[in-house]
Every structure is written in structure tokens, then in C-alpha cells.
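Spelled out from the first residue to the last, the chains are:
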Amino acid sequence: MDRVHQLTDTTTSADNQDSQGGSLPGDVGFWTFIVADASLFALLFFQFSLDRSSRPAVFDEGRRDLMVFFGTANTLVLVTSSWLMAAAVRAMRRHSVRTGLRLIAGTAALGLVFMAVKICEYGLALRSGHTVSTSPFFMYYFMITGIHLIHLLIAVVVVVVVGLRLRAGIRSPLDSTVLECGAAYWHLVDLLWMFIFPMLYLAR
Amino acid sequence: MLQTSQALRRAWVGLVAITVLSLAVAELSGISAGVETPFVIVAAAVKGRIILVRYMVERSFPLWLRCYFSVWLVGCATVIIGFHLIS
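Read top to bottom, the protein sequences are chains U and W.
Anchor point for the first sequence: position 50 equals 50 in the numbering used here, and the numbering is continuous, going up by one each time.
Anchor point for the second sequence: position 32 equals 32 in the numbering used here, and the numbering is continuous, going up by one each time.
Please note that a few of the clues may not be correct.
[What the hints assert, rightly or not] One side of the interface only, derived from the structure: several residues of chain W facing chain U at Cβ under 7 Å:
id	residue
1	8
2	15
3	19
4	33
5	34
6	37
7	41
8	47
9	48
10	56
11	76
12	79
[Stated by the list, open to error] Pair by pair, the computed Cβ-Cβ distance ranges are:
id	chain 1	residue 1	chain 2	residue 2	range
13	W	7	U	35	17 to 27 Å
14	W	29	U	173	48 to 58 Å
15	W	66	U	131	37 to 47 Å
16	W	59	U	167	27 to 37 Å
17	U	150	W	17	22 to 32 Å
Just so you know, the hints here were simulated from the structure itself, not pulled from any lab data.
The structure displayed is predicted, hence computed values, not measured ones.
Ideal Cβ positions, reconstructed from N, Cα and C, are used throughout, including at glycine.
I would like the entire structure built from these sequences, with the hints used as guidance.
What follows is the structure, given as C-alpha cells:
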């Protein structure tokens with residue numbers, strides 16, 4: 001019961017801070033990590049674009065070997081999972097624990113769908129003879145999407161752990177913070193994919 | 001500040017619509033690469049903005065973080081488009 005009260009106090013406090021503006025959902029240290037992570041991907045985008053500008057024909061040939069269907073499907077899966085994640089945080093803040101848990105489960109399930117699609121795509125690429133050493137394009141393709149996939153895997157683990165703890169009735173301020181951090185991380189993974197998809201699959 | 005469920009749903013509809021539009025322009029329209037690439041990358045930046053504003057509730061961020069993400073979005077889009085156009 002005390003734990004439930006703790007969550008109530010935390011969320012009320014967070015809402016108050018939000019209404020005044022200038023507060024962060026989740027932990028401040030975590031947002032520093034988010035900024036560092038986003039900066040790392042910005043550097044990867046820069047390096048990819050720089051290398052592509054010197055060998056556009058090689059990169060375009062690699063791009064044509066990708067199946068846009070997989071990238072599109074994963075984009076739709078990821079934006080839907082982000083929607084569910086945002087709705088889950090909203091539900092938890094409004095103390096609709098059961099709804100929140102269902103939405104968290106849906107988010108994690110879509111994360112797994114994304115990973116399954118990506119693994120299928122990797123399998124087809126490898127079967128077609130494309131590896132990290134085939135061409136500069138495929139080196140970047142496997143590196144950027146691989147790092148992104150690891151990010152998503154971490155996000156799924158965080159979301160599942162928080163969901164299981166909430167399901168077990170453990171509702172501490174720490175869980176509330178971890179849920180908000182997990183949601184922010186999930187949205188970052190989505191945000192990064194918004195650039196990865198057109199950069200690798202669409203841009204000619 | 002909590003987003004309403006309607007605002008979250010509208011954001012999702014917008015993200016899906018822009019994704020489909022980007023795909024249509026890139027794969028079906030037959031326009032030149034010089035127009036197509038800027039279009040799909042700007043569309044990506046718009047989607048990023050929607051995610052920041054609606055899902056990450058950027059409004060509740062401190063000023064430095066809002067500035068960082070604005071620079072990040074514009075910077076990534078500019079770099080990708082710029083290098084594509086000069087190649």
C-alpha cells in the first residue's frame with residue numbers, strides 16, 4: 001500500500017512540475033545519455049553521407065538490393081509501438097494500471113515484431129551474398145541498423161522488466177522513473193529510425 | 001503535461017500518413033533524385049518533430065534540451081540532403 005502511495009506522490013509531483021514547464025520526464029542523468037546517444041547517431045549519419053558523396057554509384061547499387069517493404073513495415077511497427085508506449089505512460093500516470101500494462105505488453109510485442117522483421121531481412125541479405133565486407137553501403141547498413149537493433153533490444157528488456165514489476169504489484173518511485181526513462185528511450189529509438197529508413201532505403 | 005489520447009492517435013495517423021507519402025514519392029512518383037531525396041529527408045525531420053512534440057512531450061523539456069533536439073533534427077536533415085545533392 002505504501003508503495004502505491006509512493007507512486008501516486010511521484011506522478012502528482014511530476015505532473016505539477018510539468019505544468020510549470022522546464023522539467024524532465026524521468027532521470028536527468030538518463031537524458032544526458034540520450035543526448036550522447038543521439039549525437040553518436042548524428043555522427044554515423046554524417047559519416048555515411050560523406051562516404052556516399054564520394055561513391056554515389058556504389059551506395060545506390062547497394063540501396064537497390066534492399067527490400068523497401070521490410071523498411072516500411074518496420075517503420076509502421078515502430079511508430080505504432082511509440083504510440084502505445086506514450087499511451088502506456090499516460091495510463092500509468094492516471095493510475096490505470098491494467099490499461100497501462102496491456103499497452104506496455106503491446107509495445108514490447110511490437111518491438112519483438114520489429115526485431116523479427118529485421119532478422120528476416122538480415123537473413124535474406126546474407127543469403128544474397130551481402131556482408132559487412134561486400135561493399136561500403138552494406139558495411140554502413142549492417143553497422144547502423146545493427147546498433148539500432150541493439151538499442152531496441154535494450155528498450156524491450158527495460159519495458160518488459162518494468163511491466164513485470166508493475167504486474168507483480170511493485171510500484172515504487174524508482175519504477176515510475178524507469179518507466180518514463182524507458183519510454184523516452186523507446187521514442188529515441190523511433191526517432192533515430194525516422195532518419196535511418198529514408199537514408200538507407202529511399203534516398204537516391 | 002499529459003497528451004490526450006486523441007492527440008496521441010492524431011500523431012500516429014500523421015506519422016503513418018507521412019511514411020506512406022514518402023514511400024509513394026520515392027518508389028512510385030518517378031521524380032528526379034534531386035527532388036526525391038530532400039522530400040523524404042524533410043518528411044523524416046517532420047516525423048521526428050511529431051515524435052518529439054507529441055510522444056516525448058518536448059514542451060516539458062528545459063530550454064537546452066529543446067535547443068539540442070531542434071539542432072539535431074535540422075542538422076541531420078541538412079547533412080544528409082547536402083551530401084546527397086553534391087554527390
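So, going through the hints one by one against the coordinates:
1. 8: holds, 5 Å
2. 15: Since the shortest Cβ distance to chain U is 4 Å, the answer is holds.
3. 19: Holds: closest Cβ of chain U sits about 5 Å from residue 19(W), inside 7 Å.
4. 33: holds, 4 Å
5. 34: violated, 9 Å
6. 37: Constraint on residue 37(W) satisfied, holds at 4 Å.
7. 41: holds, 6 Å
8. 47: holds, 5 Å
9. 48: Holds, about 5 Å.
10. 56: Constraint on residue 56(W) satisfied, holds at 5 Å.
11. 76: Nearest chain U Cβ about 5 Å off; hint holds.
12. 79: holds, 5 Å
13. 7(W) x 35(U): 17 to 27 Å: holds, 25 Å
14. 29(W) x 173(U): 48 to 58 Å: Check passed, 51 Å falls within 48 to 58 Å.
15. 66(W) x 131(U): 37 to 47 Å: Taking Cβ atoms as reference, residue 66(W) and residue 131(U) lie about 41 Å apart, which means the hint holds.
16. 59(W) x 167(U): 27 to 37 Å: Distance hint for residue 59(W), residue 167(U) holds at roughly 31 Å.
17. 150(U) x 17(W): 22 to 32 Å: Hint holds: Cβ distance 30 Å, inside 22 to 32 Å.
Consistency note: the structure conflicts with earlier hint 5 alone.
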